[in-house]
Amino acid sequence: MSRVLPVFAIVFAAVYALIYTLAVWKNYALFTYHPALNEFGIGVQKPKDGPAMYWYGWMATAGISAAVAGFIACLIPASASRRLWPGLAWLVPLCAMVFFAWMLRGYFMR
Amino acid sequence: MTTALLIVHGLLAVALLGAITHQAAALLLPTTRPAGSFTGRFRAVAAPGYANAIVFLYVFTAVLGGVIYAEYRISIRIVLEELQLRVANGSFELKEHLAAVGLGMLPAYWWYWRQPATEPGAALTRTMLTAMLAFVVWWNFLVGHIVNNIRGFGS
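Residue numbers (the working numbering), protein chains in the order written: chain A, 1 to 110; chain B, 111 to 265.
Looking at chain A on its own, in the form it has when it is part of the complex (with noise of 0.2 Å):
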């Protein structure tokens, strides 16, 4: 379990981070929700009555493309999952927040 859980703890962090940017980029979100009408819909829609929400989709596409990950990572063999670098946890998910101030600078550049 000890060796288990941080090649988990790691691979989720660094595969949540990368998937979660680019569902946000390119829009792959696992379902969308139409707050105005409180209906959820599979896959990404267009807005109905009111605005589309994608968010919680994305997080749906990263959190269960992440425990994919983490999981298949615990199965390879210890002598292999040893190499996993530590820093993968924090320098994807840095990455991905300088990506995202990055892709919204429009509203703070004029």
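Some clues are possibly wrong.
Examples of chain B residues toward chain A, derived with CB under 8 Å [stated by the list, open to error]: (1) Gly128; (2) Gly176; (3) Val177; (4) Ala180; (5) Arg196; (6) Pro217; (7) Trp221.
Just a sample of chain B residues kept apart from chain A, beta carbon distances all over 10 Å, derived [as the list claims (entries may be wrong)]: (8) Met111; (9) Leu115; (10) Val124; (11) Ala125; (12) Thr131; (13) Leu137; (14) Pro144; (15) Gly146; (16) Ala154; (17) Gly159; (18) Asn199; (19) Leu213; (20) Gly231; (21) Asn259.
None of these hints come from the bench; they were simulated from the model.
Backbone N, C-alpha and C fix where the C-beta goes; we use that ideal spot for every residue, glycine too.
Let chain A serve as the given structure and place chain B on it in line with the hints.
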């Protein structure tokens, strides 16, 4: 109902802000114990003891934020756009992404506080995860507070 949830969300955020700031200060600016000054005592806490509470508070604050987020999209974001408050709008957009990225870091954060950082890279990983979560919590707290002030309570 949304107002009540917003208040609980804010209260949880205050608790989370205090916990993560204590832990980050103890980690990044360690001091000798017993500390004499107020700031010294603030930094002299047992940092590992905060990890479980921080994970719990982060998850519950985020879940509550997610519940009231729909109301924000219908009632508040439109007003920010009409008033052309682009910085406030963009800051909130960044808040939602930082909150989501922070959620994904929690398992690693929890693991690296669960045991002594003896393996190579473990101390740096723990420090970076804590500092980044502290930044996310501070950003989200301030932006949420400011946006709430713009719209006004009960308006």
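A quick look at each hint next to the structure:
1. Gly128: Violated, because the Cβ-Cβ distance from B/Gly128 to chain A comes to roughly 23 Å (cut-off 8 Å).
2. Gly176: At 7 Å from the nearest chain A Cβ, B/Gly176 passes the 8 Å test, so the hint holds.
3. Val177: violated (11 Å)
4. Ala180: holds (4 Å)
5. Arg196: Holds: closest Cβ of chain A sits about 5 Å from B/Arg196, inside 8 Å.
6. Pro217: holds (4 Å)
7. Trp221: holds (4 Å)
8. Met111: Given that every Cβ of chain A is farther than 10 Å from that of B/Met111, nearest at about 13 Å, it holds.
9. Leu115: With a cut-off of 10 Å, B/Leu115 remains clear of chain A, as the shortest Cβ separation is near 14 Å.
10. Val124: holds (23 Å)
11. Ala125: holds (23 Å)
12. Thr131: holds (19 Å)
13. Leu137: holds (14 Å)
14. Pro144: holds (32 Å)
15. Gly146: holds (34 Å)
16. Ala154: holds (25 Å)
17. Gly159: holds (20 Å)
18. Asn199: The claim breaks: B/Asn199 does not keep its Cβ more than 10 Å from every Cβ of chain A (closest is about 6 Å).
19. Leu213: The claim is violated: B/Leu213 sits with its nearest Cβ about 7 Å from chain A, within 10 Å.
20. Gly231: Given a closest Cβ separation of 5 Å, the condition is violated.
21. Asn259: For B/Asn259, whose nearest Cβ neighbour in chain A is about 18 Å away, the distance exceeds 10 Å, so it holds.
In the structure shown, a violation is registered for the earlier hints numbered 1, 3, 18, 19, 20, in ascending order.
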